[in-house]
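Dock chain B against chain A, hints included.
2 protein chains.
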Amino acid sequence: MRFTELFTKTKKEVPADEESINAKLLIQAGFVHKEMTGVYSFLPLGLRVLNKIMQIIREEMNAIGGQELFLASLQNPELWKKSKRWDDKVVDIWFKTTLKSGGEIGLANTHEEPLTELMKNHIASYKDLPAFPYQFQTKFRNELRSKSGLLRTREFVMKDLYSFSRSQEEHDAFYQKAKDAYLNTFERVGLGKHTVFTFASGGSFAKYSHEFQTLCESGEDTIFLCEKCRVAVNKEIIEEQSSCPECKGTDLKEVKATEVGNIFSLGTRFSEALGLEFTNETGKKQLVIMGSYGIGPARVMGTLVELFHDEKGMNWPKAVTPFAVHLVSLEGGENEAEKTYQELTKKGIEVLYDDRKEASAGEKLADADLMGLPFRVVVSKKTVEQNAVELRKRSEEKPQLVPLEQLLRTVTP
Amino acid sequence: MRFTELFTKTKKEVPADEESINAKLLIQAGFVHKEMTGVYSFLPLGLRVLNKIMQIIREEMNAIGGQELFLASLQNPELWKKSKRWDDKVVDIWFKTTLKSGGEIGLANTHEEPLTELMKNHIASYKDLPAFPYQFQTKFRNELRSKSGLLRTREFVMKDLYSFSRSQEEHDAFYQKAKDAYLNTFERVGLGKHTVFTFASGGSFAKYSHEFQTLCESGEDTIFLCEKCRVAVNKEIIEEQSSCPECKGTDLKEVKATEVGNIFSLGTRFSEALGLEFTNETGKKQLVIMGSYGIGPARVMGTLVELFHDEKGMNWPKAVTPFAVHLVSLEGGENEAEKTYQELTKKGIEVLYDDRKEASAGEKLADADLMGLPFRVVVSKKTVEQNAVELRKRSEEKPQLVPLEQLLRTVTP
Chain A
0 MRFTELFTKT KKEVPADEES INAKLLIQAG FVHKEMTGVY SFLPLGLRVL
50 NKIMQIIREE MNAIGGQELF LASLQNPELW KKSKRWDDKV VDIWFKTTLK
100 SGGEIGLANT HEEPLTELMK NHIASYKDLP AFPYQFQTKF RNELRSKSGL
150 LRTREFVMKD LYSFSRSQEE HDAFYQKAKD AYLNTFERVG LGKHTVFTFA
200 SGGSFAKYSH EFQTLCESGE DTIFLCEKCR VAVNKEIIEE QSSCPECKGT
250 DLKEVKATEV GNIFSLGTRF SEALGLEFTN ETGKKQLVIM GSYGIGPARV
300 MGTLVELFHD EKGMNWPKAV TPFAVHLVSL EGGENEAEKT YQELTKKGIE
350 VLYDDRKEAS AGEKLADADL MGLPFRVVVS KKTVEQNAVE LRKRSEEKPQ
400 LVPLEQLLRT VTP
Chain B
0 MRFTELFTKT KKEVPADEES INAKLLIQAG FVHKEMTGVY SFLPLGLRVL
50 NKIMQIIREE MNAIGGQELF LASLQNPELW KKSKRWDDKV VDIWFKTTLK
100 SGGEIGLANT HEEPLTELMK NHIASYKDLP AFPYQFQTKF RNELRSKSGL
150 LRTREFVMKD LYSFSRSQEE HDAFYQKAKD AYLNTFERVG LGKHTVFTFA
200 SGGSFAKYSH EFQTLCESGE DTIFLCEKCR VAVNKEIIEE QSSCPECKGT
250 DLKEVKATEV GNIFSLGTRF SEALGLEFTN ETGKKQLVIM GSYGIGPARV
300 MGTLVELFHD EKGMNWPKAV TPFAVHLVSL EGGENEAEKT YQELTKKGIE
350 VLYDDRKEAS AGEKLADADL MGLPFRVVVS KKTVEQNAVE LRKRSEEKPQ
400 LVPLEQLLRT VTP
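Chains as they are written, first to last, in numbering that gives the first Met the number 0: chain A, 0 to 412; chain B, 0 to 412.
Be aware that a few hints might be false.
[What the hints assert, rightly or not] Heads up, simulated SDA-like pairs for lysine to any residue below, C-alpha to C-alpha not over 20 Å straight-line:
{"#": "1", "chain 1": "A", "residue 1": "K95", "chain 2": "B", "residue 2": "R355"}
{"#": "2", "chain 1": "B", "residue 1": "K80", "chain 2": "B", "residue 2": "N108"}
{"#": "3", "chain 1": "A", "residue 1": "K88", "chain 2": "B", "residue 2": "N108"}
[To be verified] Simulated coverage check for chain A against chain B, where a stretch passes if three residues somewhere in it have a Cβ under 8 Å from a Cβ of chain B:
{"#": "4", "segment": "4-17"}
{"#": "5", "segment": "99-111"}
[Stated by the list, open to error] Sample of chain B residues at the chain A side, in silico, Cβ under 7 Å:
{"#": "6", "residue": "E34"}
{"#": "7", "residue": "L70"}
{"#": "8", "residue": "A130"}
Keep in mind that the hints were calculated from the coordinates and are not lab data.
Note that the Cβ used here is the ideal one computed from N, Cα and C, for glycine as well.
Excised from the complex, chain A in its bound form (with noise of 0.2 Å):
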């Protein structure tokens, strides 16, 4: 895409009302666009940031047998108060409203009562489990407070995977194949490495439910981290399981980190409240036991701004960029410039070409670092006698000088 036909902008000044550096970060670039506190509007190249993200966590969840569906927003108060979720007194996130035509409705701040009360009717007997339902969509959230950018917001979209299960056997061997899969999921996004596995508190059903933690010094939760395992516990549960629950060792190191993902088992908290049961083999009817499974790929794109970043800008890694390569044409390389453009889109490279004749070098080098593409091609006088391209990795500080060849087999994926 040229950077002329794109119609966001850049900002020189860091937005002076925003705490958290991603953010910052992605409001100057022109990925995001603050409503208000807690609410953002994505971009064309934050929307692109998203939706690989989205996309990757979609193959994870088709590879586990999930099902995509889309829920509704707007939410019926009877089955909250089935399962005691309605009151603000135990829910104090809601977001309610009324219908002209009379009566309160609530807004969708997570969707266990709607999907088990419509399970009801595709759920009858052992023959019809497990399933696997998921989507993405928003969520609704009334926080007090919201600083951290997009790591906590007011509404955002959320992948929310349930299951529903015929034992509790059933169960566990699916929350393991989950966990494997949030595992790749990360790892495919570029969080593995600083990502671990969390035990928290389980709440009246499990002994624990899982998060996953991405180590980094602006996170909200302290978790206490085994090195060895890279298995952590969350602090809410520290005095319960003060060692590591893989090699019971107490060495553990509390630091600070970014709750990028959940895994809850709910057994029949919501399938008794509704009245989700299935009759089994032996025709006796029985209670579904259900878990629930969540990512919120705003987060993930928020987290990612927080951990690779330096004082120029972001730095995407390449399964999410929004393009791979920042092109760059200076002055007495326009011509060449073009060339490398053509030649790049033709080979499906996706290529952000700043084709800006007004913008100064100093601008488009500083605009290129500050939106933090994983290649930057400069094509210039310069390059073009050397009859080369320069090429530089977002994360090095080196650029080099490489015939258009050797470019095409560097940034091919």
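For chain B alone, coordinates are given in the frame of chain A:
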């Protein structure tokens, strides 16, 4: 996909609480689920249709220079007060709610105000124009009544594109392109022949707005159609415009129709209210000329059901069907059915494979008619004996026996 893997089920009974054909059939076939009046969730088969419709729209919007973004649902009242559309007496479909941190907010029923405000960050000079951002995002509309299934809901994904132009001429040229892209879109989704360009009220900035109205007995709108020109006039302006706007003929036929899309010239209505200006070639400040262009993919889906169904069920156009082939395995045909499934899938053909063991032949064939995929293929003892499969188009009464090779040729897109 195998039926035994799909978690949804069809219902034997038509839902008693729905008046519209589209809601009745879509719910009965397990494509959608009713959460409450005017609020539907999309199950896997329904979501597949919706995604195909959205992808066609996306391609058409990209082809005219559209750039996809994703705006927030939660709305800051200050922007809407500037355009005087916050007041419930002016806009009577608002859902409003309250932040825990204080202050009223709204749920977006359209996005002119936040987008106009956003564009102030990206439009300064005539060089930054034109721009055509669009999105697929949920709209919330607090409708007093809602009885037409997917045709009028309180929550629905809408494709909304907005144009930002330097001059009326530039606007008019894009408006014409958008009209053509809309006609292409309706042609591609299967509504082409039934959909007419319709003149409607233009508000204060243009003589007309334009609607794309699909002729349909169950439609909520009344239009006056010139059958020669395939152009219509909405009843709301028939007093001012009582002849065909194309041929000026007065032989207009009153018919029922459903609005599947609309395009509006907005002039400077919003750029003035929110202060969206640009510096023109002579250095003078000017207001940006805007337009808005909407299509509701779920309404398109509902309209397709209204138009294409019979007493047995739905009949999807090939471009948006959830799967191309409904493959039914009957007694004695199990092995050949499995082989047929593999062969079709290998060729990249999307197959819904009814591999159920318990369901009767009657149930399987009834489900195939209800779900309405374009091709039904039956494999049974009888067809195996004849070294063939039974192929029936959903739109035709009579099946025919064809060898596997001929089937592959017929169903390949």
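Hints and how they fare:
1. K95(A) <-> R355(B): violated (43 Å)
2. K80(B) <-> N108(B): holds (15 Å)
3. K88(A) <-> N108(B): violated (30 Å)
4. 4-17: holds (count 6)
5. 99-111: It holds, with 4 qualifying residues against the three required.
6. E34: With Cβ-Cβ at 5 Å, under 7 Å, it holds.
7. L70: Status holds, d = 4 Å.
8. A130: Where the cut-off is 7 Å and the nearest Cβ of chain A is about 4 Å from A130(B), the hint holds.
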